[in-house]
Structure formats: structure tokens, C-alpha cells
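Trainee: So you can see what is in the structure, the chains are spelled out below.
Number of protein chains: 2
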Amino acid sequence: MNGTMVIRQTGSALLDSSLEAITPLDKSVMERAQARLDNLTKPKDSLGYLEEFVKRIAGITGGTAPDISSKTVFVFAGDHGVAAEGVSAFPAEVTPQMVLNFLAGGAAINVIARHVGAAVKVIDIGVNFDFDSTPGLLKKKVIRGTGNIAKGPAMTRADALKCIETGIEIAQEFALKGALFATGEMGIANTTASSALVSALTGLAPAEVTGRGTGIDDKSYARKVGVIEEALRVNSPDVTDPVDVLAKVGGAEIGGIAGLIIGAAANKIPVVVDGFISTAGALVASKLHPEIERYLFASHSSVERGHRAALDAIGIRPFLDLNLRLGEGTGAALAMGSIEASVKLYNEMATFDSAGVTGKE
Amino acid sequence: MNGTMVIRQTGSALLDSSLEAITPLDKSVMERAQARLDNLTKPKDSLGYLEEFVKRIAGITGGTAPDISSKTVFVFAGDHGVAAEGVSAFPAEVTPQMVLNFLAGGAAINVIARHVGAAVKVIDIGVNFDFDSTPGLLKKKVIRGTGNIAKGPAMTRADALKCIETGIEIAQEFALKGALFATGEMGIANTTASSALVSALTGLAPAEVTGRGTGIDDKSYARKVGVIEEALRVNSPDVTDPVDVLAKVGGAEIGGIAGLIIGAAANKIPVVVDGFISTAGALVASKLHPEIERYLFASHSSVERGHRAALDAIGIRPFLDLNLRLGEGTGAALAMGSIEASVKLYNEMATFDSAGVTGKE
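Protein sequences, first through last, are from chains A and B.
With my numbering applied, the first sequence corresponds to residues 1 to 361, in that order.
With my numbering applied, the second sequence corresponds to residues 362 to 722, in that order.
To be clear, the hints were calculated from the coordinates, so they are not data collected in a lab.
There may be inaccurate statements among the hints.
Below are the DSSO-like pairs computed for lysine-lysine, each with C-alpha atoms no more than 30 Å apart in a straight line [to be verified]:
1) A/K44 x B/K482
2) A/K268 x A/K141
3) B/K512 x A/K344
4) B/K721 x A/K141
5) B/K721 x A/K139
6) B/K482 x A/K360
7) B/K721 x B/K501
8) B/K580 x B/K629
9) A/K219 x B/K405
10) A/K360 x B/K512
11) A/K344 x B/K388
Taking beta-carbon pairs under 7 Å as the criterion, some of the chain A residues facing chain B (in silico) [stated by the list, open to error]:
12) G48
13) Y49
14) P96
15) I112
16) S236
17) T240
18) G315
19) F319
20) L324
21) R325
22) L326
23) K344
24) L345
25) M349
Quick caveat, the model's predicted, so the values are computed rather than measured.
By construction, the Cβ of each residue, glycine as well, lies at the ideal position given by its N, Cα and C atoms.
Kindly produce the complete structure, drawing on both the sequences and the hints.
Mentor: Here's what the structure looks like:
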């Protein structure tokens with residue numbers, strides 16, 4: 001984190017103004033939060049990262065009683081032309097099928113969101129299917145799936161910016177008091193796009209940031225790495241320009257997630273980041289503004305190779321070690337529970353004085 | 362895990378009969394659970410350890426719809442004579458003060474338990490203080506604090522067995538349908554006792570399993586390691602007899618936790634284990650019966666040195682990485698939320714057929 005920041009002219013007025021609206025966290029609020037934490041009936045710092053969580057939430061949201069009780073998981077869905085290369089264990093038709101499963105409440109993300117008391121909003125930002133209007137579905141289609149990145153760009157720069165703007169607009173629409181956002185996604189073959197994007201933005205070789213997605217065998221894995229290498233060669237994205245990388249080898253849902261995060265930060269809302277694809281979106285956002293990382297809460301450490309590299313590049317650390325590799329926002333939703341606990345501890349615990357407990361000797 | 366087991370005659374009929382009642386998990390139920398998991402709308406194994414959690418819970422509780430909705434955190438409290446050696450950052454009077462804080466609902470464990478929907482029961486099993494009868498307090502005092510282990514045994518073998526029996530009786534009393542237990546504790550200087558106990562039962566040197574507890578400085582830490590070495594020398598516990606080790610260098614709350622776990626396993630109830638002291642209790646239980654580990658769910662990875670060694674000796678792995686070092690059951694209560702999510706995923710997710718989602722190609 002540093003106080004100075006370089007904001008490029010991205011070509012989108014909404015994106016530029018949102019980036020300009022992002023500020024460092026409020027230090028004086030965080031200092032007051034630390035003082036309160038140190039007077040609660042527990043040894044100093046003994047709640048570990050939970051203390052850091054609530055301190056940052058206080059610094060993000062301001063005020064004296066942090067509130068993140070209004071929890072929403074945003075599941076961005078998009079198709080990927082590169083699915084035609086046989087890089088996924090599932091066919092492309094599963095993307096719209098799973099969107100319908102989300103809307104019917106039968107997917108893992110629905111169960112976990114209900115468990116933690118979060119709403120689920122599904123965004124069709126790039127699915128190659130026409131959905132009926134349904135409660136819970138935000139119809140924000142920018143593209144009908146990306147192009148096959150092994151052969152050309154995922155989308156135009158204009159469409160990539162439109163995806164980011166869509167995410168920003170959603171963040172603005174849901175910027176209610178006490179908001180906590182979580183990111184999620186659905187898109188067959190989107191680990192391929194994410195690996196290409198993370199490789200470009202971190203400088204790591206494709207093989208170092210490519211995993212087995214939903215579960216491919218050795219042969220398909222070798223093909224997947226080759227496809228990513230080819231995608232980077234064919235498109236030669238400008239690695240100093242996150243929007244160009246998103247357009248060349250990314251995906252609509254990845255752009256939507258980047259936009260949601262930027263819009264959240266501009267509106268002083270903390271965001272819990274899910275697994276590999278969500279973190280790829282967060283990396284795009286983070287590369288556009290150095291303060292973004294302070295608004296982000298990593299959730300789980302995915303099985304997917306490349307996830308840790310993307311988290312490290314942003315500068316956030318996960319705290320759930322569950323070997324998850326499902327996406328949808330499942331890890332982030334689960335993490336929302338623990339992050340909300342940190343706020344309740346801050347607001348509800350007794351102090352040494354109020355409880356009549358003797359302090360440290 | 363193995364099918365044969367050697368159960369020593371412990372000297373307690375209740376303990377012996379409880380150990381005899383512990384069975385391996387039901388394999389056929391676990392196989393049916395795996396089949397159901399593989400038909401839910403997600404890539405195979407993509408929910409990682411959450412799948413393992415619910416499979417074990419099914420194998421523990423039997424039946425087709427696992428239920429752990431009746432959640433209770435048991436906080437065992439006891440004093441430690443070794444506090445006189447200056448091994449803790451807090452004075453011994455804090456043990457009863459914190460018990461009163463638990464009963465008033467102002468401690469961290471109260472906040473987290475409310476957050477996850479768990480009840481809190483506080484057990485005075487060894488506090489050097491006379492409590493009034495209060496809702497939520499189980500008055501089960503066996504001793505008024507342990508002896509100073511630097512100079513002699515913590516308690517008699519009879520008292521150690523009584524502590525274990527107390528835990529077993531509490532497990533029996535709360536063995537309701539859908540029960541999930543979590544362990545917690547309070548006892549100034551109980552990391553000293555736990556380190557001595559874990560050192561004896563794992564064969565690791567005291568310095569390898571001793572941490573800074575509630576937060577002591579370098580000088581006090583050196584003294585603490587010396588006190589533990591002295592305690593093991595003075596008492597020379599029989600390392601092949603977990604009850605002897607508990608009596609010589611343990612504590613009342615550690616024995617209560619061991620008993621609660623044994624009673625839970627005998628009654629087919631899963632138990633979530635908190636940090637270092639709770640894990641020391643779980644290690645005693647685990648050394649008394651080889652199947653115990655299958656009933657246990659580790660929660661978090663404590664800052665306390667020696668915690669991981671104790672977890673490894675039992676054979677369980679934590680999934681929350683939050684740098685906690687508070688005890689009370691806070692990490693276990695937080696983990697209850699994620700473990701309950703695994704059961705809801707199993708019971709509530711749609712199948713590929715019911716949701717009309719295409720399976721793996």
C-alpha cells in the first residue's frame with residue numbers, strides 16, 4: 001500500500017471516476033478500533049486475524065459500530081469460446097444449466113448463502129443463452145460468450161470496459177448500509193482464461209498457474225497448458241494494461257468481478273473474494289488501483305494451482321483451508337460467516353472494566 | 362485407525378464401559394453418503410474437506426439424513442497450582458472472573474456461540490472459587506485447582522479419573538438427537554500443564570511444545586520451559602498410561618475434555634476440538650482408544666507451539682488459519698459453522714438429475 005497512486009485513463013469515464021473515488025482506509029477510525037479491541041476481555045491480539053478483519057472493516061466503513069449484516073454473494077456467469085479446445089471436464093452447456101440451478105436454489109452456493117444469511121444475485125454478463133426474467137437474475141449480458149482465446153481475443157476492449165462498468169453499476173445499486181459483498185462465478189472453461197490472465201499479470205509461466213479446473217486428466221491438462229501458452233502468444237496482451245489483458249485472454253465474468261470490486265471500494269464496501277477465478281478478477285482491479293487490496297478479504301486457499309500466486313500478487317491471505325475447487329462463491333460465502341463473527345466480537349464482547357476482569361500483570 | 366484395540370483397565374468402571382462402547386464408523390453408511398455426494402451438482406470431490414466432514418458425520422451418527430443442528434460448546438474451567446511459578450501473563454483470579462464473564466454472556470465464546478447458534482455450558486470442574494448456582498453453569502467441582510506440578514502431582518489418580526468420568530456423564534446428559542459438541546476451556550496457566558502433558562504423550566521435548574500462552578515475555582517463557590522440564594522430572598509420569606500423565610502434570614479441565622470426548626464417541630456424537638488445551642484433552646482420549654480420532658474434528662491452527670504436534674499425534678487436521686490463541690472454545694465454535702454447512706450441502710443440494718445439469722464428459 002502506498003499513498004500515491006497512478007490512475008491510467010482507461011477509456012471509461014465511469015471506471016476512471018470510480019477509481020478516483022477510492023481512498024485509503026481511515027487511520028483514526030482504525031486506531032480507535034484497536035484501542036477498543038485491546039480493552040475487550042481477552043489477551044491482547046489473541047483473536048488473531050479476526051482482529052485485523054474488524055479493524056479493516058472499521059477503516060473501510062468508518063463510524064464507531066461496524067456493520068456488515070447486509071450480505072450479498074454476486075455470481076457472475078459467462079461462457080468461454082476456449083471450451084471448444086477440450087480444456088474442461090464439462091461441456092459448455094453446463095454454464096446456463098448451472099445458472100438455472102442457482103436461480104432454483106439448488107446449487108452449493110445457494111445452500112451456503114442461506115446458511116450464513118446472505119442473498120444470492122446471479123448476473124448473466126456473458127452467457128451464450130437467453131434466460132427468462134427470474135427473481136435473483138440480473139440480466140446484464142455484454143457478450144454471448146468470449147471468443148476462443150487460442151485463436152484470437154476474448155473480446156474487444158470496449159466490451160471488456162463494459163463488463164467492468166456493469167460490475168461497478170451493480171456495486172452502486174447494492175451499496176446499502178451494512179453491505180458486505182462476496183464474489184462468485186460460473187463459466188465452463190473459465191479456469192483456462194484465469195490462468196492466462198494471471199500468467200500475464202504476474203509474469204509466471206502458464207504451467208505455474210494452471211490447475212485441473214473441474215477435474216481433467218493428465219492429457220487434457222497438458223493440452224490446457226498448451227492452449228494457454230498459445231493464447232498468450234496469439235494475443236500478446238499488454239501486461240502493463242489490466243484492461244487489455246482482460247480483453248485479450250479474460251472473460252466477461254472476470255471483468256464483472258473486477259468492476260464489482262472497484263465499485264465496492266469506491267462506495268466503502270468490503271468484499272470477500274472467492275477462489276481462483278474471482279481472485280483473477282480481483283487482480284485486475286488491484287492492478288488498476290493500489291488501495292484495492294485493503295478492501296479485499298481473501299477466503300479460502302483453492303486447490304487450483306495459481307490461486308496462491310494471484311493472492312500473493314494482490315497481497316491478501318486466505319484463512320480457510322478446505323481443499324475447495326468449486327467456485328460459485330462457495331468459499332467466500334463460507335468466509336462471510338467468520339468475518340461477520342469478527343464484527344460481532346468487536347460490538348458485543350465485554351470490556352475488562354465492565355466484566356470486572358483483572359488485566360495482564 | 363485399526364480394527365483391533367487394546368483397552369487397559371483404567372480403574373474406573375464408567376470409563377472402561379464407555380471405551381468399550383466406542384465402535385468404528387459405519388462403512389456402509391459412509392459409502393452411501395459418498396454415492397450421494399457424487400451425484401450432487403458439483404464436480405466430484407470439489408467441496409474438498411467439507412465432503413469428508415459430512416461423510417464422517419454420517420458414519421458416526423448413522424441414518425440417511427445427517428443432523429448436527431443441536432450444537433453445544435462445553436467450557437471446562439479449572440485452576441492450576443503452577444500459576445504460582447509466574448508462567449502466565451494473567452493472575453489466577455482471572456479464572457473465576459472469566460467464568461462469571463462466560464455466565465454473563467460477555468466473553469468471546471458467548472459471542473461466537475450465539476453467532477453460530479450454539480449453546481454454551483460452563484463446567485466448574487476444578488476452579489478454586491465457590492460459584493453461586495447460575496443458569497448455564499454445571500457445578501461439577503472435583504478439585505479446587507491442581508497442585509503445583511513443578512513440585513508434585515497435579516492431582517491424585519482417583520481425581521483424574523473423576524474428572525474424566527465427569528466429562529463422560531456430561532456427554533451422556535447432553536446426548537440428544539442431532540448433537541454436535543465443541544470443547545472449550547478456561548484456566549490460568551493451563552498451557553503450561555498442556556505442554557507438559559503433550560511432551561509426555563508425544564515424546565517431544567518441552568521446548569518443542571511450549572508457547573507463550575496469553576502473552577508472556579522472553580524471560581517468562583524461559584522460566585515456563587524450565588518449569589515444564591522440572592514438572593516432568595519431579596513427577597516422572599508413566600508415558601504409556603494417559604491417566605497417569607493427566608494426574609501427574611495435567612489439569613481438571615483437560616481431564617473433563619478427555620471424558621466429554623470419550624462419552625461423545627460412546628454415544629455416537631461428533632466433537633469439534635478447539636486449540637492447544639482442548640487438543641491436549643483430545644490426545645488423552647485418543648491414547649485411550651484408537652477409534653477416537655474418527656469422532657473428532659479439528660478446528661483451527663493455534664499460534665500456540667505444540668498444538669500442531671498434538672493434532673498430528675491424534676491424526677486430525679485443522680482448517681481455520683486465523684492465528685487464534687484465546688481458547689474458551691472460540692475456534693471450535695467458529696468451525697461448527699463450516700461443519701454444519703457441510704451437512705446442509707449434503708441434505709439440500711440438487712442432484713444432476715433433479716436440476717437437469719449435464720454430468721462430466
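Trainee: For each hint, tell me whether it holds in the structure or not.
Mentor: These are the hints, each one checked on the structure:
1. A/K44 x B/K482: holds (25 Å)
2. A/K268 x A/K141: holds (26 Å)
3. B/K512 x A/K344: violated (43 Å)
4. B/K721 x A/K141: holds (27 Å)
5. B/K721 x A/K139: holds (28 Å)
6. B/K482 x A/K360: holds (26 Å)
7. B/K721 x B/K501: Answer violated: B/K721 to B/K501 is near 56 Å, above 30 Å.
8. B/K580 x B/K629: Status violated; Cα separation ~45 Å.
9. A/K219 x B/K405: Distance of about 19 Å is within 30 Å: holds.
10. A/K360 x B/K512: holds (25 Å)
11. A/K344 x B/K388: violated (40 Å)
12. G48: Given a least distance of 3 Å, the restraint on A/G48 holds.
13. Y49: With a closest approach of 5 Å, the A/Y49 hint holds.
14. P96: Violated: closest Cβ of chain B sits about 10 Å from A/P96, beyond 7 Å.
15. I112: holds (6 Å)
16. S236: With a minimum Cβ separation of about 31 Å from chain B (threshold 7 Å), the hint on A/S236 is violated.
17. T240: Result: violated, 34 Å to nearest chain B Cβ.
18. G315: violated (17 Å)
19. F319: holds (5 Å)
20. L324: holds (5 Å)
21. R325: holds (5 Å)
22. L326: holds (4 Å)
23. K344: Since the shortest Cβ distance to chain B is 5 Å, the answer is holds.
24. L345: holds (5 Å)
25. M349: With Cβ-Cβ at 6 Å, under 7 Å, it holds.
Hints 3, 7, 8, 11, 14, 16, 17, 18 from the earlier list are contradicted by this structure; the remaining hints agree with it.
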